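Turn these sequences into a full structure, and let the hints steer you where they fit.
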Amino acid sequence: MTNFDSNFAHTVYFWLKNPDNPEDRRAFETSLQTFLDNSQFAKTNFIGIPPEASRDVVDGSFTYSLIVTFESAQAQQNYQDEPAHKLFVDKASALWEKVIVYDSVNYK
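Taking my numbering, the leading residue of the sequence shown gets 1, the next gets one more, and so forth.
One or more of the hints may lead you astray.
[Said to hold, decoys possible] Distance condition first, Cα-Cα at most 25 Å in a straight line; then the derived BS3-like pairs of lysine-lysine:
1. Lys43 x Lys108
2. Lys86 x Lys17
3. Lys91 x Lys43
4. Lys98 x Lys108
5. Lys91 x Lys17
6. Lys43 x Lys86
7. Lys17 x Lys98
Hint data in this document are derived by calculation from the structure and do not stem from the laboratory.
Every value quoted in this text rests on a predicted model; they were computed, and no experiment measured them.
Here it is, written out as structure tokens:
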């Protein structure tokens, strides 16, 4: 795996419509992994699920999180437009009820 690129981080939180449905989870995970395996622009990625939170400030309401890094904002835009990303959205969007994205760039 490539080292974490601190130029541009794309963080996505997904809330599935049926988070307790194993078939929906499997379909989402498969679609997401297929997309990431075929992305030409994502340098590093992390797929996560919420841990058991022990503090009130931790929001564990999401079903999955995704963190993807890019060498630049342009690379992130290219990722948005690439066929692998569009196919993922087309195949998996019926499985989620909510998505929130947080993009950030290095402050230095």
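Hints versus structure:
For the suggested pair Lys43 and Lys108, the alpha carbons sit about 20 Å apart, so the restraint of at most 25 Å is met. At most 25 Å may separate the alpha-carbon atoms for a hinted pair to count; Lys86 and Lys17 meet this at roughly 20 Å. A C-alpha spacing of about 23 Å is found between Lys91 and Lys43, which places the hinted pair at or below 25 Å, so the restraint holds. For a cut-off of 25 Å, the pair hint linking Lys98 to Lys108 is broken: about 32 Å separates their Cα positions.
Our distance criterion of 25 Å between C-alpha atoms is met by Lys91 and Lys17, whose separation comes to about 14 Å. In summary, the hint linking Lys43 to Lys86 is supported, as the alpha carbons are separated by about 18 Å, within the 25 Å threshold. With a CA separation close to 8 Å, the supplied pair Lys17 and Lys98 stays within the 25 Å bound.
Checked against the numbered hints listed earlier, the structure breaks hint 4 alone; every other hint is satisfied.
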